[in-house]
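Student: Letter by letter, the chains look like this.
Protein chains: 2
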Amino acid sequence: MSWYLTNGPESDVVVSTRIRFARNIKDINFVNKCNNEDLESVLSVAKEKLSSKDLKFYRLNDMDDITRISLVEKHCISPDILRKGIDNTGILINDDENISIMVNEEDHLRIQVISSGLQLDDTLKLACKCDEEISKKIKYAYNEKYGYLTSCPTNVGTGMRASVMLHLPGLTMTRRIGKVLDVMNKIGINVRGIYGEGTDSQGNMYQISNKVSLGLTCEEIIQNLNTVVEKIIIQECNARKYLFEKGIDFEDRLCRAYGILANARKMSSKECNKLISDVKLGIDLGIIKNVTPEKINKLNIYTKSASLQKYLGEVLTEEERDIKRCEVIKNILK
Amino acid sequence: MSWYLTNGPESDVVVSTRIRFARNIKDINFVNKCNNEDLESVLSVAKEKLSSKDLKFYRLNDMDDITRISLVEKHCISPDILRKGIDNTGILINDDENISIMVNEEDHLRIQVISSGLQLDDTLKLACKCDEEISKKIKYAYNEKYGYLTSCPTNVGTGMRASVMLHLPGLTMTRRIGKVLDVMNKIGINVRGIYGEGTDSQGNMYQISNKVSLGLTCEEIIQNLNTVVEKIIIQECNARKYLFEKGIDFEDRLCRAYGILANARKMSSKECNKLISDVKLGIDLGIIKNVTPEKINKLNIYTKSASLQKYLGEVLTEEERDIKRCEVIKNILK
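Chains as they are written, first to last, in the working numbering: chain P, 31 to 364; chain S, 31 to 364.
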């Protein structure tokens, strides 16, 4: 099953866990110094050496726009790769969409494993296994002293970034989020919007990750991040408890959100994200009882603009999407 | 069954029809010139001559506040009688609450018959029958030249007022209501709020009635009013058609209203009236399909502050009412 439809541990606060390795092929210039020929040779290597029955290779410029954006919505590729131009870029991806390798994004290879909920250890294990398999087929740019060499110095070392997507409506509603984010910044944790660097928080979703990877082992990075996440979970749960105990006005807000989500006939993506966040919170607190977490997973993905069009198999204008979005929501919730 | 729970003709626009006769007892001063003794003798006459198994007599100051206000909410008594002080006032009322006689309001007797929907002829017939029965037992103040004598000159003549409660969301939303009300004023029709003179419109409800009764027969008054109502119905339906054809935004508004009404946990009376109006419109236009008009009738009455407390058999603070209101709504809608 697609990773984003499954439920993982601590899924009331942690939506997903992601591990990615930045890797470059030995003796080929880094992407920012590559000419077209170099880039094409990276693509050829990736396709020939790494593609298989389980891991299919696609050039991004062979895909239609909706498919590409829906891959961003599912966190399989970064929005950056679309922004920078998709010529000479590619992706290897498995059926469950939890393993993907971006080709010629910032580095030659960005190996990514994503899991539902908080699963740093298991996700790292799977990512290391992928990395190892690949290293048998491709010779990486590696330096004994610095470790894996990458385009951006912050990735040098393990080349790993571990990130966790958090749903923090409690901290947001109690206005404690600002302070929490400040503290994280100070202790070497990046906080970003829903689609990574330079993107906004949507529906109270925040992505946190390790800032640097040099000088630390993968296990140390994971452990640090896990400690931070556990602290945030406690704070988020306290904030929710506080809101819950404040009484009926809070419950009222969440129940109204459900009422609107389940009955509206036209809805923007932005409003939808907000309402889903409230409904998810209502479910996690036991206030809303007739919606399963599985339905929230479906809502979270199939109401996104491109995934909605993929799901319906139709190309839609924005207004059409706003209407069809409500039909899809009704269908999922019924 | 209580009149307000039944459905009458044209109930998509006309909520109810009311006929009342202002009558005074011969040889007793009008209410505004009565001393306490006179008022008590009016009460005695009313109780002794008019009360029966089917028409029970109550002194208003023997009732609790909630019961009195719920009678206003059901349009069985006027809010005026409560405002002016309830000493020396009474009511005769039947089980279905469609026949009631206020004692010592502006006149000694205010005989009132109320029906669901547009039923001017039948309601008049029943009111005349009541009036005739009463006239066999009580001698009215009557003048050959002027007709029935009443406290207020506008009631002299037949002493009749015919009124119709209209639900006009279409004209309100299209901002045509002002013009319609202006025209009515010019042709001798009063427009008032939901509880009569000096009250506000709530939930797009407007009460219209004949201005004077002198020089016209009851049948003429009814006929005039009926003509006006039929014209308003056409205009209201045109406005609704216009809104409906404007498309999805209008449907969205009505469906969201249903979603909020059915799911909120706390709601003021004012917001509730607004949402019920939208939901009723949605039902009448076939946009909202899972709510019967009978449920709207129930919502319309049992969400009102005093009737809510009567229904639950509890005395509640305003905040408690706002919460219990939502429980009652859920119960009715489920």
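Watch out, some of these pointers could steer you wrong.
Copies of the same chain are indistinguishable here, so a pair counts whether it falls within one copy or spans any two.
To be verified - Calculated lysine-lysine pairs in the DSSO-like style (CA-CA distance at most 27 Å, straight line): (1) Lys166 - Lys209; (2) Lys296 - Lys271; (3) Lys340 - Lys79; (4) Lys159 - Lys169; (5) Lys77 - Lys209; (6) Lys276 - Lys360; (7) Lys276 - Lys296; (8) Lys271 - Lys175; (9) Lys325 - Lys56; (10) Lys166 - Lys63; (11) Lys296 - Lys325; (12) Lys340 - Lys216; (13) Lys354 - Lys276; (14) Lys261 - Lys340; (15) Lys86 - Lys209; (16) Lys325 - Lys169; (17) Lys354 - Lys271; (18) Lys364 - Lys296; (19) Lys354 - Lys319.
Treat the hints as calculated values from the structure; they're not laboratory data.
Student: Could you run down the list of hints and mark each one as holding or not?
Tutor: Taking the hints in turn, this is what the structure says about them:
When the C-alpha separation of Lys166 and Lys209 is checked against a cutoff of 27 Å, the pair qualifies neither within a copy, at 45 Å, nor between copies, at 82 Å. In this homomeric assembly, Lys296 and Lys271 come within 27 Å of each other (Cα to Cα) only across copies, at 20 Å, whereas the closest approach inside a single copy is 33 Å. Taking the shortest Cα distances, Lys340 and Lys79 never come within 27 Å of each other, neither inside one copy (29 Å) nor across copies (78 Å). Taking the shortest alpha-carbon separations for Lys159 and Lys169, only the intra-copy value of 16 Å comes in at or below 27 Å, while the best inter-copy value is 103 Å.
In this assembly of identical chains, the alpha carbons of Lys77 and Lys209 never lie at most 27 Å apart, being 45 Å within a copy and 73 Å across copies at closest. In the homo-oligomer, the alpha carbons of Lys276 and Lys360 lie at most 27 Å apart only across protomers (23 Å), although the nearest pairing inside one protomer, at 31 Å, exceeds that limit. Taking the shortest Cα distances, Lys276 and Lys296 sit within 27 Å of each other only across copies (14 Å), while inside one copy they are farther apart (32 Å). With identical chains, the CA atoms of Lys271 and Lys175 are never at most 27 Å apart, being 48 Å at best within one copy and 76 Å at best between copies.
In this assembly of identical chains, Lys325 and Lys56 lie within 27 Å of each other by CA distance neither inside one copy nor across copies; the values are 45 Å within and 74 Å between. When the C-alpha separation of Lys166 and Lys63 is checked against a cutoff of 27 Å, the pair qualifies only within one copy, where the shortest distance is 25 Å, while the shortest distance between copies is 109 Å. With identical chains, the CA atoms of Lys296 and Lys325 are at most 27 Å apart both within one copy (19 Å) and between copies (26 Å). Taking CA atoms no more than 27 Å apart as the test, Lys340 paired with Lys216 passes in neither setting, with 40 Å inside one copy and 60 Å between copies.
In this homomeric assembly, Lys354 and Lys276 come within 27 Å of each other (Cα to Cα) only across copies, at 18 Å, whereas the closest approach inside a single copy is 36 Å. In this homomeric assembly, Lys261 and Lys340 never come within 27 Å of each other (Cα to Cα): the closest approach is 37 Å inside a single copy and 50 Å across copies. Taking CA atoms no more than 27 Å apart as the test, Lys86 paired with Lys209 passes in neither setting, with 43 Å inside one copy and 68 Å between copies. When the C-alpha separation of Lys325 and Lys169 is checked against a cutoff of 27 Å, the pair qualifies neither within a copy, at 43 Å, nor between copies, at 72 Å.
In the homo-oligomer, the alpha carbons of Lys354 and Lys271 lie at most 27 Å apart only across protomers (24 Å), although the nearest pairing inside one protomer, at 35 Å, exceeds that limit. Taking CA atoms no more than 27 Å apart as the test, Lys364 paired with Lys296 passes in both settings, with 17 Å inside one copy and 24 Å between copies. Proximity of Lys354 to Lys319 under the C-alpha cut-off of 27 Å is found in both arrangements, the shortest distances being 25 Å within a copy and 19 Å between copies.
Against the hints set out earlier in the document, violations occur for numbers 1, 3, 5, 8, 9, 12, 14, 15, 16.
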